[in-house]
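Chains H and Z, in that order, are what the protein sequence lines are.
Quick note, the first sequence lines up with residues 6 to 287 if you use the numbering used here.
Quick note, the second sequence lines up with residues 296 to 547 if you use the numbering used here.
FYI, nobody ran anything at the bench for these hints, they're computed from the structure.
From a predicted model like this one, the values you see are computed outputs, not experimental measurements.
When the alpha-carbon atoms are kept at most 20 Å apart in a straight line, the in silico DMTMM-like pairs for lysine to aspartate or glutamate are as follows:
id, chain 1, residue 1, chain 2, residue 2
1, H, K190, Z, D398
2, Z, K461, H, E175
3, Z, K461, Z, D398
4, H, K171, Z, E469
Taking beta-carbon pairs under 7 Å as the criterion, some of the chain H residues facing chain Z (in silico):
id, residue
5, A172
6, L173
7, E175
8, A177
9, A179
10, L180
11, G181
12, A182
13, P183
14, R186
15, K190
16, V191
17, P194
18, S195
19, I285
Note that CB positions come from ideal geometry on N, CA and C, so glycine has one too.
The chain contents come next:
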Amino acid sequence: MNEIGLNIRKLKNKTFTVVIALFTILTALPLIFIIYYVFRQGIAAINWQFFITLPKPVGESGGGIANALLGTVLIVLVASVMAVPIGIMAGVYMSENPDNRISRSARLAVEVLNGVPSIVIGIFAYLVVVIPTGGFSSFSGSFALAVMMLPLIIRTTEETLQRVPKALKESALALGAPYYRVIFKVVIPSGLSGIINGVMLAVARVTGETAPLLFTAFGNPYLNWNISKPMANLPLLIFNYATSPYKNWHRLAWGASLILIIFVLLLNITSRLAIKKWKIRF
Amino acid sequence: MENSILVTENLKAWYGDNEVIHGISMSFPQNHVIAIMGPSGCGKSTFIRCLNRIHELTPSSKTEGRIRLDDESIYSIPAIMLRRRIGMVFQKPNPFPTMSIFDNVLAGYKLNNIKLSSDEKDEIVENALRNTGLWEEVKDSLHQRGNFLSGGQQQRLCIARTIAMKPEVLLLDEPTSSLDPISAGKIEDLIVDLKDNYTIVIVTHNMQQAGRVSDKTAFFYLGRLIEYGKTDQIFTNPKHSKTQNYITGRFS
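Isolated chain Z (complex conformation) (with noise of 0.2 Å):
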């Protein structure tokens, strides 16, 4: 049995009145990538955002269920230690413009005031950018602002930023969404490298891509589980007509 680091139980979200996860159990194995895969308004990124609590900062938003993290209710983690525990890369490329690349892979620390020695801060933004595979390309200019960066690169900068941070599950909403194929696909090589260190949760509407990365994969439909298992076997031999449909490319 594999050990679980991440498990949701019957985890409902609303906007407002609007019921869009409708009791959704889920449990995330440790160093494993796990691809969340649905067609549009499914709720796989609000689900994906319950994780790290960051959708209950919208207005009107609720959550019920439990999470929990190595057996802990994330409810009882204050959400800003959660939050570095669980990291979490957007769909869009977004470094915080104002800063050099090296403040960027710094970001978190520096917003939680966290004292580092200069050291350490050398340490950790040459092993960020390393296990990134950009620190050959940027390893020169770090000193600059990241909007020279190609858009592949300013993710692998925006993934960067999260695991220097140190966290145990990474949750990627839909990361290459706004890349072209060859970045894209560095983002998926390094999504597979980091596996060894990290828990990796993947929203993806791309069923190629959960195919190429992950270990496992789970379909939802209009709020629900609908099925999840390993990727092989999803793909190959789906138990429920509904994920048949979609990855025939009934409907999508």
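Next comes chain H alone, as it looks inside the complex (with noise of 0.2 Å):
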């Protein structure tokens, strides 16, 4: 090996060291461009009005997303009521039986439901809420979302939970505590990290979703409580105003897409930090 060979595949390591540098920098760039570009566009729609207002209709200037504000807050609110009780005791079962028949096919129907297309759940929630109740509800959108949420909860607590020392369950049971008793005062506690961060990461991803909630929760100008009728939502305004030809509906659904990357940003932000917090080494 010559000197000048030597120094040419020394070249080619540097090179190929940028080179894969560059491309992870990259990855972060859309992100970054995002989050400019509805920061730009948005601010400025933001202001208190912004946020206690109905939208004004066409033609009048002002006006505020007040109705999909709490629409979303709501919508969320319910399916996270319906998904995380029923997605921590799967997610229970599962790494407490992690080998019979049950816990295998679940495992597979969750890997599954998390490649549904959110199209699809959310014809499925229109052919299982919406028609048999007679109309379009901000509940058959909880439901929606709240199938969305499951796999995402089921998966992240069941790993957790199998990260939980079997010895640590055995001592409690040793103390002669029943079964459940073990389950709730030790072993979801235990893993209470995990289980917090997939919840978050679940609401995360759901609340930004648009198509379940297209035929489900369809959407409503006025500002509305009952979660029997149909109900305005973030992404659903988005989609609506954004596609209109009015200027002011343009600057709202700006400024909706501003609050909806801050919330889920921040939720990330929170679920990082609780585990840090909260995650307990064994």
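Make one complex out of these two single chains by using the hints.
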């Protein structure tokens, strides 16, 4: 090996390191640009009125998105109330009985469900909730979102609880504790950081979902607290207003996008902090 | 004749189709320390896990034979009541990570939803911690989580948590195998102290430990009880050649 050959190899190594580093930086660019543009366009729409008033009719300027803010909070809240207990319990069962037939089938079902396009879940909710109840409702939207949240919650719960040492559970049982109290007082608390993280990520994921809400929650130009009636929400409002020809509505759509992005970012950041704070090492 | 608190008759245990205990009959005299020693895989852990019915929690496991506690079959006592009378400490120290030291000692009461007045709580915690020699070391940090404690302190906390339930029998499954020699020595001293109030069954693969702490020693080999007798006699004058080979280090 002469010296020139060696130098070429060194150069190749250097180049390769730089190239993979560049690609890594590249992956962060879309997010940075999204945040930059949404902030630039959206920040102008944000003021006190934006949060507390309803959208104005076409032609009038001003107005806010109070209906969609309330709607998104209510829809996601009801979805969480349905999905979180079911998801956690299913995750507990699957980590407690990892190899039986129920768990194996459930694991497969969860994987497939995770890959089902959200629009299909929307159609499913339309069929099983909207049609039987006779109309669009916020509840049917929550139902669709709950279905979408389940896989993430179940999987993170199962994975976290599998890392809880078996001996910890046995020690609790050896103190004479009944099984269900061992689960609720020892096993779940020991895995709480992972479970909370899963729930937060699931919430963050479905908060921005538009497709499942198209023919379930439907949207509503007015403020609505009743979950059996159609309800406005941020993603649908963005979709409708951004595709409209009106400048004022575009402004509201950018503002709503900004709120949505900030919400999702905050959830992601808090879930990371939650993991750091409550993580228990075994 | 000693008064036996716990007796097994022809006890057999399986994991799936694999019989790991082949009919062991043994009696445990009250307020004694009984060591069970033997090479890895001889069934000593499985054997004591049968005594508090933890073994049966393993899927597809099975036991056969009789076990009596105070002349009553343990199978006629609800498992959760039995486990309060026969406490167990495991190989690795494992205080409950989400609970404070104080709550760890009371974990048995909390997990069984037994209500105590705060005076009773303080008394139980202080007694259990004093009896395990931890009180002076942790009395100022009772309401912190126990993860800053050393391994040996954590193991003593686990023993405190077990004796807080006032069991009759204490099962110790290789309680010092993950500890440094000094911490292990403290646990051994503690075991000797505790026999005034409890009957202690300790599983160990450390012969010196068996010799130091126990009154009686049993030698298990391949799921059978080879020899059982006074510790002095087992170590100085074993009757069975397998026991002799084991204690002279010809196999381990």
